[in-house]
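Per the UniProt record's numbering, the sequence shown starts with residue 1, numbered consecutively.
The hints are simulated quantities; they were obtained by calculation from the structure and are not laboratory data. Keep in mind that the hints are not guaranteed to be accurate.
What the hints assert, rightly or not - Cross-link-like lysine-lysine pairs, in silico, DSS-like; alpha carbons within 25 Å at most:
# : residue 1 : residue 2
1 : K30       : K200
2 : K141      : K204
3 : K100      : K27
4 : K49       : K220
5 : K101      : K2
6 : K141      : K223
Said to hold, decoys possible - Cβ-Cβ distance ranges computed for the label pairs, FRET-style:
# : residue 1 : residue 2 : range
7 : H8        : R206      : 31 to 37 Å
8 : L18       : K100      : 39 to 45 Å
9 : R179      : D50       : 30 to 36 Å
No residue lacks a Cβ here, since even glycine has one placed at the ideal position from N, Cα and C.
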Amino acid sequence: MKPQVITHPWSLSEEQALQLQQELAAKVIKEDRLGEVKSIAGVDVAYDKDSDKLIAAVVVLDATTLEVIEQSSAEDVAQFPYIPGLFSFRELPPIIEALKKLQVTPDLIVCDGQGIAHPRRFGLACHLGVIFDIPTIGCGKTRLIGEHCEPDNARGSTVPLLDNGEVIGSVLRTQDGIRPVYVSTGHRISLATACQWVLKLCIKYRLPETTRKTDHEVRKQMKIRCSGDSPSSPLTLCNLDHSLLESKL
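Please put together the full structure from these sequences, using the hints given.
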């Protein structure tokens, strides 16, 4: 994985984190600045119910076959408190460590959460994209902010997600008659291209394969690390839906 282009402290006060979000949000590129996409990664974080332990996983897929190329994981202890709208300060440290273990640099990263569909236009997908200067997409299971009409029932139908008249994302129906997902620009990709990629990745299910495979990997890693690699040990896992948590704003 290529090195970060921006580094900053993670042990910040809420006020400092808010200020940093606003500063970094100005660096988000909302147009296509990506080359040929040969590999796509998904990232996810799981929490141990009984401690402050976090496990991050990254799974890299071949963009054509959607077969797994590489995967990695990292463990950390949450340093930043749960504050709605500042979730990236809690989750990105282990994600970064997992990314650093990769031999390949993915051409695109799909995040289970928000991009610019965020109160300060700087969700986790934006934060990750800016500090690595890599194209990223936010694909949330639920809405964080904004208003929208209901898209048609057919796969591929979209309607804009609006916040005070500003388009901050798209509500995308990935399968016929199934609940839509919330797609937004993270960094170096347009909203239209982001929707195209999410739809391509949703081959059979509501969620993209990047999210599905990474969720499976992070759950497996949490089970191994919390149970001492014993299949018979109980799994104490709380795999949090990031966008649902942040919707408490």
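>> Hint check: K30 vs K200, CA-CA at most 25 Å. Holds or violated?
In response: holds, 20 Å
> Has the given pair, K100 with K27, been kept, meaning a C-alpha gap of at most 25 Å?
Replying inline: Measuring from Cα to Cα gives roughly 22 Å; hence the hint holds.
> Under the criterion that the straight-line Cα-Cα distance not exceed 25 Å, is the pair K101, K2 satisfied?
Replying inline: holds, 10 Å
> Regarding the pair K141 and K204, is the alpha-carbon distance no greater than 25 Å?
Replying inline: holds, 16 Å
> Measuring from beta carbon to beta carbon, are R179 and D50 in 30 to 36 Å?
Replying inline: holds, 31 Å
>> Tell me if the straight-line CA distance from K49 to K220 falls inside 25 Å.
In response: holds, 15 Å
>> Quick check on a hinted range of 31 to 37 Å for H8 and R206, using CB atoms only.
In response: holds, 35 Å
> Does K223 lie within 25 Å of K141 when you go C-alpha to C-alpha?
Replying inline: holds, 24 Å
>> Verify the CB-CB distance for L18 and K100 against the hinted window 39 to 45 Å.
In response: violated, 27 Å
When each numbered hint is compared with the structure, a violation occurs for hint 8 only.
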